[in-house]
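For the protein sequence lines, the chains are S and Z, in the order given.
Residue numbers for the first sequence follow the working numbering, so the first one is -9 and each next one is one higher.
Residue numbers for the second sequence follow the working numbering, so the first one is 119 and each next one is one higher.
Please note that a few of the clues may not be correct.
Said to hold, decoys possible - No farther apart than 35 angstroms at their CA atoms in a straight line, the calculated lysine-lysine pairs in the DSBU-like style are these:
(1) Z:Lys139 with S:Lys29
(2) Z:Lys211 with S:Lys98
(3) Z:Lys182 with S:Lys297
(4) Z:Lys139 with S:Lys136
(5) S:Lys237 with Z:Lys211
(6) S:Lys237 with S:Lys148
What the hints assert, rightly or not - Rough simulated footprint, nothing fancy, chain S against chain Z, three-plus residues with beta-carbon under 8 angstroms:
(7) 123 to 135
(8) 159 to 169
In short, the hints are calculated from the structure, not lab data.
These figures come from a predicted structure and were not determined experimentally.
Backbone N, C-alpha and C fix where the C-beta goes; we use that ideal spot for every residue, glycine too.
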Amino acid sequence: MISTLPRVWPRDDINVLGIPIAQLCAQKWSDPRQRQLFKNMVYVGALTALFDIDVDVLKTAIVDQLKGKEKLVAANMEAVNLGRDFAGQNFHCPLPVRVRAAQCAKGKIMVSGNDAAGLGAIYAGATVCAWYPITPSTSLAEAYEKYARRLRVTKDGKRLYGIVQAEDELAAVGIAIGGGWNGARAFTATSGPGISLMSEFLGLAYFAEVPVVLFNIQRGGPSTGMPTRTQQSDIISCAYASHGDTKQVLLFPANPSECFSMGAQAFDLAERLQTPVIVMSDLDIGMNEWVTEPLAWNDAHVHDRGKVLDAATLEGFKDLKGATGADTWMSTAMPSPTARCPVRIPARAPSSRAARHTTRMHAIRKMGACMLVSSIASAANLILRQRWYRNRK
Amino acid sequence: MLEALDLLERDGIKINALRIKAFPFGKEIAAFCEDHDTLFVVEQNRDAQMRSLLMTEIDVPGGKLIRALNYDGMPMTAAFVRGAVLKEVRPAKAAAE
């Protein structure tokens, strides 16, 4: 029997038991595909004998797993018995370490952190999810989509949510920030390398006070690292994500239940504090199924949307504008990214789509002009400084 | 972590524990750090990133923050935490005796 497993381990509490699984499969099945596919089940079968696992419980799990493919159950059980028989004939079964049925999990549920976080986003009222695939965060966006398809549709089938799989992480967080800017509860899910790419946009959201939620499902690093290994090594990069003086809000869930509760709470915090909030999960919590406390939600919970301008308040602003005769109320009233630019948001939204487009283009051009003026001023400042420096010499 | 605390209690070492749930840190974290002379900062990274944040954000003296770092890519075990604490505490106890 040839095995690639090391025979010497750095720990003295590990014993190696060799089982020639490939050889057993080759003798049992002539079809190369079957020889390959049943290897795992032969191994599981050997474990049932070694650890005294109830075969009926295993069979129930196999039947459950192969729902709709009942023909495969008998073949899989044949593989289980092959491994079980080999272990029984070649080792002292069962081993001193055994698997026993226990009641420890009574009242608990089995769920992965990403599944729970996706559901948390639904409960928090998130309607925009923009993401770019990266292990181990992908299953979070997929879970959100799965639940949104069920829970965020009207009776006539209209979807009340938007999911965008963006072209990259920069676009993903940009879309989420855009969603937050426009009043939607928006989020993205990523991992360490994604956080690096999203950092510049995070600075914009931080400075412009735009609420947005990021789920960082941390994995082994540095660089692209190991997408199948867990680590919690993005703490500093997330705490100060982006350039300049930034300090981001981080939440640290310890299990899937908290991925749900903190995932939901993150949206309230983001809107109350008007800033990005990053939920710092990891691969182990996010992708592995945990036995955890049932997810708890208070139906009386009212989402904290922070300071919200409603129609009546806006009407009040109009009065203020009329009283002072100045056209500056919007820049002081709203913590808007346009506050530093001479761009005014019209008090009433244009009625048609074409009119809205024209207004938007006008605003963008004005912002462009503002940036151009700023660049010219910077250049002039630089020239003056150089002259002053030369004269000083 | 709870399992590690149980194991340590069986070893005769009773430890108070605090879990950090959010950043920026709340007042409770600063108070806990002030109330204890020795603090084990248990983390799953190589560079003791949370320890650094405690030092820079709430001025906890680095000398009382002992690193307990697991970064082999696998989830942390209770045995690891117990080992990290015993490694520090037992020699100190022996020296005191």
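Against which earlier hints does the structure fall short, listed by number upward?
1, 2, 3, 5, 6 and 7
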